[in-house]
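Protein chains in written order, with full-length UniProt numbering: chain A, 1 to 246; chain B, 1 to 246; chain C, 1 to 246; chain D, 1 to 246; chain E, 1 to 246; chain F, 1 to 246.
Worth double-checking, as some hints may not be accurate.
Same chains, same label: a pair holds when it works inside one copy or across any pair of copies.
Subject to a maximum C-alpha distance of 27 Å in a straight line, what follows is the list of computed DSS-like cross-link-like pairs (lysine-lysine) [what the hints assert, rightly or not]: (1) 63 / 227; (2) 2 / 227; (3) 23 / 2; (4) 63 / 233; (5) 231 / 121; (6) 121 / 23; (7) 156 / 233; (8) 16 / 222; (9) 16 / 227; (10) 16 / 2; (11) 63 / 222; (12) 63 / 23; (13) 233 / 2; (14) 231 / 16.
Hints are computed from structural coordinates only; laboratory data are not their basis.
Each chain is listed here by its residues.
There are 6 protein chains.
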Amino acid sequence: MKIKVINPNTTWEMTKGIEHAAKSAARQGTEILAVSPEMGPVSIESYYDEYLAIPGVLEEIRKGDREGVDAYVIACYGDPGLHAARELTHAPVIGIAEASMYMASMLAARFSIVTVLPRIKTMLEELVAGYGMGHRVISIRTTPLSVLDFEKDPAKGMEVLAQEGRRAVEEDHAEAILLGCAGMAEFADRLEQELQVPVFDGVVAAVKFAEAVVDLGKTTSKLKTYKYPEKKKFIGAMSPFADINS
Amino acid sequence: MKIKVINPNTTWEMTKGIEHAAKSAARQGTEILAVSPEMGPVSIESYYDEYLAIPGVLEEIRKGDREGVDAYVIACYGDPGLHAARELTHAPVIGIAEASMYMASMLAARFSIVTVLPRIKTMLEELVAGYGMGHRVISIRTTPLSVLDFEKDPAKGMEVLAQEGRRAVEEDHAEAILLGCAGMAEFADRLEQELQVPVFDGVVAAVKFAEAVVDLGKTTSKLKTYKYPEKKKFIGAMSPFADINS
Amino acid sequence: MKIKVINPNTTWEMTKGIEHAAKSAARQGTEILAVSPEMGPVSIESYYDEYLAIPGVLEEIRKGDREGVDAYVIACYGDPGLHAARELTHAPVIGIAEASMYMASMLAARFSIVTVLPRIKTMLEELVAGYGMGHRVISIRTTPLSVLDFEKDPAKGMEVLAQEGRRAVEEDHAEAILLGCAGMAEFADRLEQELQVPVFDGVVAAVKFAEAVVDLGKTTSKLKTYKYPEKKKFIGAMSPFADINS
Amino acid sequence: MKIKVINPNTTWEMTKGIEHAAKSAARQGTEILAVSPEMGPVSIESYYDEYLAIPGVLEEIRKGDREGVDAYVIACYGDPGLHAARELTHAPVIGIAEASMYMASMLAARFSIVTVLPRIKTMLEELVAGYGMGHRVISIRTTPLSVLDFEKDPAKGMEVLAQEGRRAVEEDHAEAILLGCAGMAEFADRLEQELQVPVFDGVVAAVKFAEAVVDLGKTTSKLKTYKYPEKKKFIGAMSPFADINS
Amino acid sequence: MKIKVINPNTTWEMTKGIEHAAKSAARQGTEILAVSPEMGPVSIESYYDEYLAIPGVLEEIRKGDREGVDAYVIACYGDPGLHAARELTHAPVIGIAEASMYMASMLAARFSIVTVLPRIKTMLEELVAGYGMGHRVISIRTTPLSVLDFEKDPAKGMEVLAQEGRRAVEEDHAEAILLGCAGMAEFADRLEQELQVPVFDGVVAAVKFAEAVVDLGKTTSKLKTYKYPEKKKFIGAMSPFADINS
Amino acid sequence: MKIKVINPNTTWEMTKGIEHAAKSAARQGTEILAVSPEMGPVSIESYYDEYLAIPGVLEEIRKGDREGVDAYVIACYGDPGLHAARELTHAPVIGIAEASMYMASMLAARFSIVTVLPRIKTMLEELVAGYGMGHRVISIRTTPLSVLDFEKDPAKGMEVLAQEGRRAVEEDHAEAILLGCAGMAEFADRLEQELQVPVFDGVVAAVKFAEAVVDLGKTTSKLKTYKYPEKKKFIGAMSPFADINS
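Here chain A stands alone, though its shape is the one from the complex:
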C-alpha cells in the first residue's frame, strides 16, 4: 500500500526526518511517500502559520488521489486541515495528534504533551478538547524552543525535552509522554529510555493506524460531514482549488 505522509511545513530537512521515522515504522510492502507542500511556511507555531499551511496540504491530498495513494498522514501536531482533507478524498486521512492520543489511551491512563513555544498551548488545549481527550491529557508542557530550533540544535532539543518530560512525570504524574511536534520523532527512543515511561511520536502512530485502516478496507464516510466539497468557483491564488476530484 502507498501512504503519503504530508509534512505541512516547507522545511525539507524536517520532511526527511519525518520520512525516516515513517519508514522505520512502516511494515514491508508499505510505500512511504513523504512530502512538503509547494506553498506555505517553513514551520508552524501559530494559528497564522497553521492556516497558511493548509492550502499546501490540501493540494498534496488532491495530487495524492491521482498518485494512487491509499491513506494520508498529516504530520504536524495541530492536525492542520484534517477535516477538509477528509472531505477531499475517500481515502483515510489521519492526523498525528489524534493518532498519538488514541494510541496512548490504549497504553496509559494519564499522559502529557511536551511541545514547542508557549503560544502553542491554547491551540493544543482546543485540539485535545475537540478529540474528547481532556480527561487523559494531564498537562501540556511547552519549551522555549521553536520548531526549527529543534532541527538546528538537536542536542539542545533533547536536553529541553528530557527536562520538561521529567517534570511531566514527576510533577504532573504523567504515565506517558506525547511528542507535540512532528520534528521530535527522532528523540522518542532516547527519551523513552531516559524517562522510563512510554514516549509516543505521532508520526509512527499515524502510519501504523493508516496501515490498519487500509488493511481493513475502511474509507472515510462520505455521507454528510465529509462529503466531497460542492464544486464552485475559486478566484485569485486559490483558483487551482476549484478542481476537485470527487
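Go by the hints and put chains B, C, D, E and F onto chain A.
Chains B, C, D, E and F alone, transformed into the frame defined by chain A:
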C-alpha cells in the same frame, strides 16, 4: 472609527448585502469598509471552502492595518481564521458567530441556529462547543439550500428560513433564532415579525460589539496566544504572507 | 437612550464611582441613571448578601420601566437577580460579569478574575460555569480585602490588585484580567498600564453592550423562560412586588 | 430532634400538605416544624418569585436557630436560598431538589423530573447541571398547570402527572420519576402504583436525609464558602437582616 | 430493619472495624450484619483486586436476599460491583463512595478525598466523574500507605491522614475531607477535631442513607438498567452464579 | 507476533466466529489465539454478567503471558476487565469498544452504536463517556435480541441490525455504524453494503491496532495506574489469582 467587515467568500453581491446590513447598524461616525478577499471560494459550505477562504481573510487584515482600521468583523458564520487574524493585528477582530451567540445569551435563555446545507451541522456543533455555548444552543437546524441559493432566490430563502425557524420555536422550544450565514442578514426583520421571537444576525451584532470595544480602547491581548506570528519564510503562492506588520 | 445602572448594594459612594465609570464609557446621547436600591446590604460578599440585595434590584427594574429606561445594567460581579430582572421587563438587562467575560473572550484566549474575599470563589466558579466560560477563565484569584476595604483605602486596593493580577499573569498565564467587583472600575486603567495586559471592568463593558443592543432594537425574548412573571399575591414586606408591569 | 421544614411560598394550605408528608416520613422522636415565611409570594414559578421568596426563607432560618432547630429542609423544587441558608446557620440545610436527585441516584440509573409550567424548565436545567446530575436526568417534563392549580384541583393534577410521567417512562425511558414541586408529595404513592416505577418526592427524601445527617452529628462546613456572612448594615425593608446569629 | 454491610475484601479484622462504625451509626432497631465474602483478596488497591472482589460481593447479596436483608451497603471506596448488585436484588444497595459524596455535598461546597496508595488516584477520578461530582471534589490526595498498613499501624495511619488532610485544607482549600477507604472509619472523629472541618466516612453515611431509603419503602427500579439479570448458564468456578433469585 | 483474542463469554461457537473475524483481519505472520475463559457466563448482557466474566478474562491474561503473547484483545463490547488486564501484564491490552470508537473517529464525524438488549444502553453510555467519545456517538440503539439470539438466528439478527442501522442513519444522522457486540462481526460487510456507510466491528479494529502497537514495540505504562497489582492473599474460589507474574 473605521470597521472593516470582511466577507470571507468572494461573491461581491453578497458582500454588498453584508455592507448594507453593517451600515444600517453602524452609528454615525462609524465608517464601514466591506470587502471580499482577492482569493478564495465564492461561498463557504465545507471545511475545504473555509480553510481556502482564510488566506484571503488574513490578507485583508494585513491590508487593513495599513488602512487605519480600528476593528475587524469576519462575516461568515464559521468565524474562519478568527484566531489567526487576532495574531496578525492588535486591533479587535470579532466573528459573527461568536457575536450572535454572546448577544443572544444576554436576551434569551435558549436559542437555535438556522443555517444552510446539512453538512454544515458538525462544523457548527464544534464551533458552538468551542465557545462554551452548548448549553444555550438548543438545536442547529439546516436547510436544503446552499449559500448562493439564498442569494439567488431570496423568496425561497425566506420561506425555508421561516419554516425551520418555526420548527425550532415549536418543536425545540427555541426562544430566539440565530441566522447561521452572513448572507441571511436581510431576512432578520421579516423573520422576527413572523416568528415573534428575537432573530439575531451576526453581522450587525459584530459591528455593534466592534464599536463597543473600540470605544473603550480595548485591543487584543498580545501576551501569548495572540502574539504576532514569528517572522519566517513562506514559499510558493503563500510567499506574500511572510510580510507581517507587528 | 437611557441606561439605568443599578449598583445592587446600598453604598452610595460606590454608586458614585460606578456612575463615573459608566458615564466615562457612555457615548454622547446616552443618559446614565446610576442608582442604589432603597433596601439591601451595604456590600455583597456572600450568597446571603446577594439574595438580600435582589429585591432592591428588582424594585429598581420595576421603577425603571416607568422611567422610560431603554436598558439595564446590574453592576455587581455576581449578576444578582439577572434572570428575574429579565422576566420583569422587556428591556435588555445585562450583568457586568457576563459582559466582562463575553468582551474578554473576543480579545484574549485565557483570562483570570481578580476579586474580593476568598469566600467569593465558589460563587464565581458557579457563575463562570453557568455562562459556559470555564475553559476561558484560567483562574479566580481572591484578595484579603472586602468590598468596602477597596472603597476606604484605594491605595491598598490598587496594591493588592496589582499583586494578584501579576500572579495571575505570571503563574497562571492569564492573558487578560477581569475585575471581579463593580467597585474596582477605577483601578482598571492603572492596572492595565502596570500589568501590560488588557484589564476588563464589567461596568463599562456592560454599558457598551447595552448601547449596542438598544441600537439594534433588540429586546428580551418573552417567549418562555423570561416571560413576565405570573400575577399573584405577595405578603408581608414583599407585598409591593405583586405589582408587575407586563 | 427538631427539623424545620420551610415551604418558601406563603400558601398555608400547601404548607399543611408538606407538613403531612414530612410527618409521615419522620421517624418517632423527630419533631417536624412546618412553616411558611411571613413574607413572599403565594407560589413560585419564575426566577422572580424564587428570589422574592428567599428573604422569607432566610428569616425562618434565623428564627429557627433560636428555636433549637437541628436541621432545615427547604421545600420548593428550586432549592431557593439554599447556599445563603447554609451560611446563616451551622445546622444542616437540605433542599428537596438535591435530596430527590441524590436519593434517586442510589436506586435508578436514569430518571425524569415532572413539574409545573413550561417556563420552569430552564431553571431546572440549570439546577440539575449545578448538582452534576445532567447525566442522570434523562428529561424534564412540564405540565400546563401552575403550582396552585395542583392545590385547587388535585384530581386534574393527578391526571396530568400520570400522563407526563407515563410519557417520561415510555418515550424518554425514565426508570424513576421525580416530582418537581413540593406540593406534589400527595401524589407520589398513587403515581408509583400507576407507573410501576419508583416515584420520588423531595420533601420526604430531604426529611430522611436531615435525620441521617443529624444522627451523625454532622454540620455545615463553616470554613470558607459557607462561613457566617460578614456583619454589615442593611437598609430599608431589609434592615432586619443585619441581625445575624453567628 | 436489617442492613447488610459487605466489606468486599476478606480481612476480617477490617470487617470488625467496619461493623463497629456501622453499629455506632445505626439507630435502635437497625440490625447490622457485617460480613466479608468467602472469596476474594485481602485488600483492594487496584482494578485487579476490585474486579476479583466483586464475585464475593455478589454472592453476599444473593445470600442476603434469603436472609431477609432490607438494604445493602458496599463498604469499599470504589463501590465495587454496585450496579451488578442493584440488578441482583430489589433491595436498595448503596456504595460508601457515593454516600460520602452526596452527604458531603449537602454540607460543604468543595471537598477532598484522602485515600491509600497513589495508583488508586485514576480509579477515584473515574468514580467521581461517573457520579457527576467532578466540580465538588477539589482534590484527591493519596498516601504511601496500603489498606493493610492502616490496619497494622493505626498511629502511623492517623499521622499520614492528618498530614494529607491538612494539605487538602490549606493548599487545595477543601472545606471537608472524605475518607477514601472503608478501613479509615476509626480515624474520622479525631481527624475532624484536628482539622476543624467536617470529615466524612462513607460507611456511616451509607448506613444512614440505607435507613432513610428503607424507611420510605423505596426500592431499586427494576425497569431497565437494573432489571434482574437474564437467567443463563455459568461455567467453571462461576457456576454457582447461575442461581439468581429474581 | 501472537495476539490472544479473549471472548469474555463462554460460548465457544461465538468464539469461533470471533476467531474467524480476527484471522481474516490479521496480516500474514500474525498468529491469532482465540479463547473463551474456563469460567463465567455464556453471554454478557448486564453488569452482573460482565463482572462475573472478568475473573475468567484475567486468568486468560495471566496464562497468555506464559504463552508468549504479544498483545491481547478483549472481545466484548463493554471492554470488561480492561484496566485490570493492563495491570496484570506489560503487553498491550485493547478493548473492542475503544478500538471501534477510535478507528471510527478517524473516518467519520458522528456515529451510532447498534447493540443488543435495551438494558445495555446505560452501560454503553457510561463506557462512551469514559472514553471521552460522547460528542462523536450520536445515538446508541438497542434491539430486542439477546447476544445468543444473534448466534441462533443470524438471519433475524441481520434483519434487526439493518433496521436499527437504517434508523440511526436516517433519523439520527449517523455517518457510520459501530457494532455493539463481538458476535456481530459476521454482519459487518453485508450491513455496510446495505446501509452505504462504514460499519465498524471492534474485533477487527482491535486486532489491527494490536498489530500496530506491537510493531512499534510499545507496551503498557507500568508507572502508576497500571502497575502490577500488589502481591497479596486471595481466598476461596479466588485463591488462584494470588499468583501474579510481574
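For each hint, the structure was consulted:
Only within a single protomer do residue 63 and residue 227 lie at most 27 Å apart by alpha-carbon distance; the minimum there is 18 Å, versus 34 Å between protomers. When the C-alpha separation of residue 2 and residue 227 is checked against a cutoff of 27 Å, the pair qualifies only within one copy, where the shortest distance is 23 Å, while the shortest distance between copies is 39 Å. Proximity of residue 23 to residue 2 under the C-alpha cut-off of 27 Å is found in both arrangements, the shortest distances being 12 Å within a copy and 23 Å between copies. Both within a single protomer and between protomers do residue 63 and residue 233 lie at most 27 Å apart by alpha-carbon distance, with minima of 19 Å and 24 Å respectively.
For the homomeric pair residue 231 and residue 121, the shortest alpha-carbon distance between copies (19 Å) is at most 27 Å, but the shortest distance inside one copy (36 Å) is not. In the homo-oligomer, the alpha carbons of residue 121 and residue 23 never lie at most 27 Å apart, since the shortest distance is 30 Å inside one protomer and 38 Å across protomers. In this homomeric assembly, residue 156 and residue 233 come within 27 Å of each other (Cα to Cα) only across copies, at 23 Å, whereas the closest approach inside a single copy is 48 Å. Within a single copy, residue 16 and residue 222 get their C-alpha atoms no closer than 33 Å, and across copies no closer than 33 Å, so neither meets the 27 Å cut-off.
Proximity of residue 16 and residue 227 under a CA criterion of 27 Å is satisfied in neither setting, with 33 Å inside one chain copy and 30 Å between copies. Within a single copy, residue 16 and residue 2 get their C-alpha atoms as close as 17 Å, which meets the 27 Å cut-off; across copies the closest is 33 Å, which misses it. Taking CA atoms no more than 27 Å apart as the test, residue 63 paired with residue 222 passes inside one copy only; the shortest distance there is 19 Å, against 38 Å between copies. For a Cα distance limit of 27 Å, the shortest separation of residue 63 from residue 23 inside one copy, 21 Å, qualifies, whereas the shortest one across copies, 35 Å, does not.
In this homomeric assembly, residue 233 and residue 2 never come within 27 Å of each other (Cα to Cα): the closest approach is 31 Å inside a single copy and 31 Å across copies. Only between protomers do residue 231 and residue 16 lie at most 27 Å apart by alpha-carbon distance; the minimum there is 23 Å, versus 35 Å within a single protomer.
Going down the numbered hints, you'll see the structure goes against 6, 8, 9, 13, while the others check out.
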